[in-house]
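Asker: Chain residues, written in single-letter form:
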Amino acid sequence: MKAILVTGRTLGQGLGLEIGKLSELYHRNVATCEMNRDDMEKLGVREGGLVRVSSGLDSIVLRVVRSFEEVPPGIIFVPYGPWINRIMRPETHGTGMPSFKGIEVEVELEASDLGEIPKIDELLSRS
Amino acid sequence: MKELLIKNATVYDPMNGIDGEKMDIAVREGKIVESSELRDARVLDASGLVAMPGGVDIHAHIAGPKVNKGRLLRPEDHLRVIQRKRRGLRPIVGYTIPTTFTTGYWYAAMGYTTVMEPATPPLMTRHTHEELNDTPIIDKACFPVVDSNWFVLEYLKEGDIEGCAAYLSWLLRAVKGYALKLVSPGSDEAWGWGGGLRGIDDPVPNFDITPKEIIRGLHRVNRLLGLPSPIHIHCNDLGSPGNYRVTLDTMRCVEDLAEEGRPSLHVVHIQFNAFAGTGWGDLSSGASELAKYVNSHNHVTADLGQVLFDDTTTMTADCPWQYVLHKISGNKWVNHDVEAETGGGIVPYKYRRKNYVNAVQWTIGLEFALLVKDPWKLCLTTDHPNGGPFIEYPRIMAWLLSSRAREASLARINKRARRRSSLDSIDREYTLYELAILTRAAPARILGLKGKGHLGVGADADISLYRLDPESTDLSKEYKVVREALRRAAYTIKGGEIVAVDGEPLNTTYGSTYWVDVEVPERDEERVKRDLQERFERYYSVRLENYPVEERDLRISSPLKIRAEGF
Amino acid sequence: MESYTGVTCPFCGCLCDDIEVSVDRGAIIKVANGCAYSLTKYLNYNRDRITTPLIREGDKQVPVELSEAVERAAKILSEAEYPVLYGWSSTSAEAIGLGIELAEEVGGAIDNTTSVCHGPTTEALQELGLPGCTLGQVKNRADLVIYWGSNPLQSHLRHMSRYTIGAEGRWRRGRDDRTLVVVDVRRTYTARVADYFIQVEPNRDYELITALRMALRHEEIEQDRVAGVSVEDIEELADLMMGCEFGALFYGLGLTMSYGKNRNIDAAISLVRDLNRWTKFVMIPMRGHFNVNGANIVFLWHTGYPFAVDFSHGYPVYAPGATSAVDILSRGESDAALIVSSDPAANFPRRAVENLFKNPLIVIDPHRTVTSMRADVVIPSAFVGIECEGTAYRMDGVPIKMRGVIDPPKGVLSDEEILGRILEEVRRLRG
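Chains as they are written, first to last, in our numbering: chain A, 1 to 127; chain B, 1 to 567; chain C, 1 to 431.
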């Protein structure tokens with residue numbers, strides 16, 4: 001399904017930063033996404049399940065986590081970090097700022113035996 | 001280079017009464033000495049060159065949060081002058097709001113060696129010092145703005161002059177400031193709610209104290225502390241047609257407190273507060289009324305605030321005025337209130353010679369300078385960059401030295417403004433001696449900087465040599481030659497070292513930051529400490545212990561130690 | 001045991017200066033007053049620490065003496081045609097100044113994290129200006145506080161209690177005296193404690209702000225809804241804004257990163273400017289890193305520009321989109337990089353990261369980071385505000401001196417010292 005991707009700061013992501021980007025805490029908090037419950041139902045994914053988010057440039061698999069901040073339908077929220085940056089376009093439209101919020105993406109259910117979320121070092125060695 | 005002998009210069013040193021005498025100047029260990037003290041001096045042949053003490057700029061916005069926001073606001077200004085970096089020198093960037101490095105280099109190029117940053121918000125003055133630390137060559141100081149400061153307003157409302165003085169001695173030490181600055185007294189507190197004040201009897205909302213009471217109170221505090229300079233005041237109602245009356249009221253309001261031989265008030269950029277008329281359409285010059293007052297009273301000094309016809313950047317702590325200017329001009333506008341203290345506003349502005357109001361402004365500054373009889377009461381400024389950039393001071397010098405130069409400009413300004421101005425009928429031409437007073441001796445004296453502004457034995461060896469020969473050059477006819485000579489000093493000497501040649505700086509060296517370290521009676525100091533501990537955290541968003549700037553935060557700290565006697 | 005009070009936290013743009021830190025036998029054992037971020041930083045700063053300088057040999061990073069690492073770094077930078085020097089927002093003003101001198105010396109580009117944070121704010125400010133103030137002004141006077149595209153309860157945890165709706169000021173007692181409005185695309189934690197929550201559709205803030213400006217002027221809005229918000233709600237918000245005594249708009253990356261970017265800020269500045277006709281209104285950008293504002297400020301007094309400065313011509317050139325780090329890296333225009341206290345490999349779009357790794361890479365950082373793991377030269381540095389001092393500038397421009405409370409690991413220097421040595425070596429190489 002089509003969705004608008006919004007990336008942003010979360011407490012878990014921020015704390016994970018301080019513990020270390022290679023840590024389990026960081027991975028658990030950042031390689032994630034929050035979705036609207038109705039959208040999750042439409043997609044057939046449950047909390048803890050995996051989805052694949054594609055931007056047209058690339059795609060990444062993320063774990064769906066419980067949202068305490070009520071994501072509206074049609075929006076998917078992902079914490080800032082190297083996972084979602086894999087699919088970010090570099091264009092800054094003459095401002096220096098890439099479009100980190102409000103991008104059109106495709107979200108689909110990722111069957112758990114086909115996809116796995118790479119660890120951060122694998123992510124970056126895979127260029 | 002420990003010793004220097006400048007030979008055969010034509011010297012103008014008004015503080016020591018020297019008016020174009022050919023003489024030698026001897027320098028040793030950064031000070032002026034008797035020639036007989038030299039053993040092995042480098043000799044600089046200054047035949048055909050004019051020598052003056054290094055220039056002293058009593059009022060130019062060169063460093064601090066407001067100036068830096070101005071840099072941010074105006075990337076287009078930075079494209080006006082660019083010079084690649086050279087060995088030992090940083091790149092040169094900018095025009096009305098140059099980088100700090102450019103500022104130092106350009107002042108040195110003109111033969112100026114001491115500059116005062118005239119308005120710094122105390123809470124943010126650490127920033128001002130970081131910029132001054134990165135302003136090469138010149139000696140400098142900064143003036144904290146204190147007129148809308150909550151502690152000041154509360155002490156003065158109580159009539160507690162001694163408490164206010166003890167607080168301000170603490171503040172001056174905490175922010176490493178040199179003099180007390182008032183900017184449209186009380187207005188920034190009114191602006192905290194979006195308002196302003198009218199005249200000097202309009203009470204500040206919530207504090208119930210008038211500008212007049214603030215001015216009188218701070219004058220008494222200044223005297224009690226024994227500060228080297230009087231209070232510096234940007235008068236209320238700046239920019240308003242008819243405001244010359246408020247300026248007169250301001251000068252009059254401390255007449256009864258005036259002390260023989262010492263100015264009570266230094267009125268800054270007086271041009272902007274010398275408007276007569278009732279509106280923009282009938283704006284006219286109030287310069288003669290103000291000059292008349294200044295001529296007949298000895299407790300007031302002033303600096304000009306002359307405008308130049310060019311695109312420049314206005315920036316003052318007069319937030320209500322800056323907002324008005326934004327509305328009038330439609331130009332972009334930055335505002336930044338500083339909690340419990342003051343604020344700042346920035347608006348680019350272009351003075352046009354064909355614009356009636358701007359042309360009248362141009363005539364006002366010059367009229368005032370030419371009508372004031374005693375040059376010791378006057379300093380040359382543009383309120384950089386409000387009236388124009390400091391690099392254009394030589395243009396103003398030419399207008400003062402040459403009635404021909406004035407005529408040439410008068411011919412091009414708005415005709416109605418020309419007709420209404422009395423400039424055409426003023427023949428007076430400044431002499432080089434008088435110009436040296438306006439740009440060196442008077443500012444140094446008003447600031448109380450004993451080692452500056454003169455070339456007597458014991459003075460700091462800050463010397464400017466210009467390619468100017470008054471014997472062979474008619475200063476009035478050849479004003480363009482004079483202007484060029486003053487724009488690029490042949491040699492600029494700072495603390496005995498040659499720092500610039502032909503207007504080109506040699507290297508990035510650094511001068512001192514002056515500040516006043518005033519000792520007050522322990523009892524009053526303790527009382528203020530308690531007041532600070534009690535109120536500070538309620539008023540501010542930082543802790544008291546994190547507010548002060550330490551001496552080691554200044555690149556080269558030069559405190560003036562004073563003991564306040566009159567408590 | 002030593003206890004320190006009035007310590008300034010080096011995490012975010014709030015620069016809370018009331019932290020209490022206790023140090024015992026070379027370790028921080030207690031932190032009081034700080035938020036979760038602050039506590040986590042102080043108590044975990046030694047994790048993943050780089051303890052010695054490293055140089056890449058093959059696919060290993062090998063420990064070396066500092067002098068060797070400095071020499072190699074200087075060599076890389078001075079031999080590069082167009083090095084890019086990035087980061088700067090998590091170090092001291094003093095270090096930043098040296099970084100700029102270094103960039104000048106090697107004719108490279110220097111950029112700070114503003115370009116991926118509030119770059120759009122500065123771009124809009126350059127066109128319109130900005131009516132702002134220091135945070136204490138808001139604390140003392142504001143009866144209306146708006147967070148737009150900002151979620152302080154996730155990002156700046158003490159902002160509300162120290163500076164806005166929870167703070168006690170001279171004329172405002174606290175929460176009861178103030179109205180909180182939140183505008184966001186989703187109902188965030190901050191939205192949940194607001195008096196008014198306006199849910200705006202993603203990428204439509206510009207339209208919403210424009211509609212608000214129309215409502216201020218009592219102009220007719222022809223649609224029923226704008227950006228997903230009903231006209232009634234828009235008009236109510238406009239009335240609230242006009243009717244307050246002192247309004248403060250805090251805005252964040254919701255505006256700078258969404259479609260429109262600097263144009264969104266343009267619109268917000270215009271709105272606040274308009275409001276000053278009726279009442280007192282200010283705006284303050286929610287700056288992320290503790291010294292990103294300091295990076296802007298130091299860049300400005302050295303070069304005239306706040307970020308994205310190119311020195312390849314020997315003088316500063318500013319052209320975001322061309323001289324900004326993401327663009328330079330994405331287009332593969334640089335041939336070396338120096339990263340100071342930042343982790344672009346984790347924060348930048350993929351293509352920029354790939355190009356970053358293609359060329360010689362120097363990292364100066366206290367921590368092992370995703371970027372440092374791929375670097376050719378790594379130099380460990382001390383934490384500003386924990387292990388060494390330096391000036392930082394708060395989100396509202398107020399400068400605060402950060403102090404050290406504990407010594408860095410043996411042999412680890414401050415960014416300021418390291419950069420000073422690299423600069424000296426570069427100058428020596430250039431003769």
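Derived from the structure by calculation, the hints contain no laboratory data. Mixed in with the good hints there might be a few duds.
Chain A stretches covered by chain C per the calculated footprint, using a threshold of three residues with CB under 8 Å from any CB of chain C [to be verified]:
{"hint": "1", "segment": "11 to 20"}
{"hint": "2", "segment": "73 to 81"}
{"hint": "3", "segment": "97 to 107"}
Model, not experiment: these values are computed from the prediction. Ideal placement from N, C-alpha and C gives every residue a C-beta, glycine not left out.
Asker: So, for every hint listed, does it hold in this structure?
Answerer: Verification of the supplied hints:
{"no.": "1", "hint": "11 to 20", "verdict": "holds (count 6)"}
{"no.": "2", "hint": "73 to 81", "verdict": "holds (count 4)"}
{"no.": "3", "hint": "97 to 107", "verdict": "holds (count 6)"}
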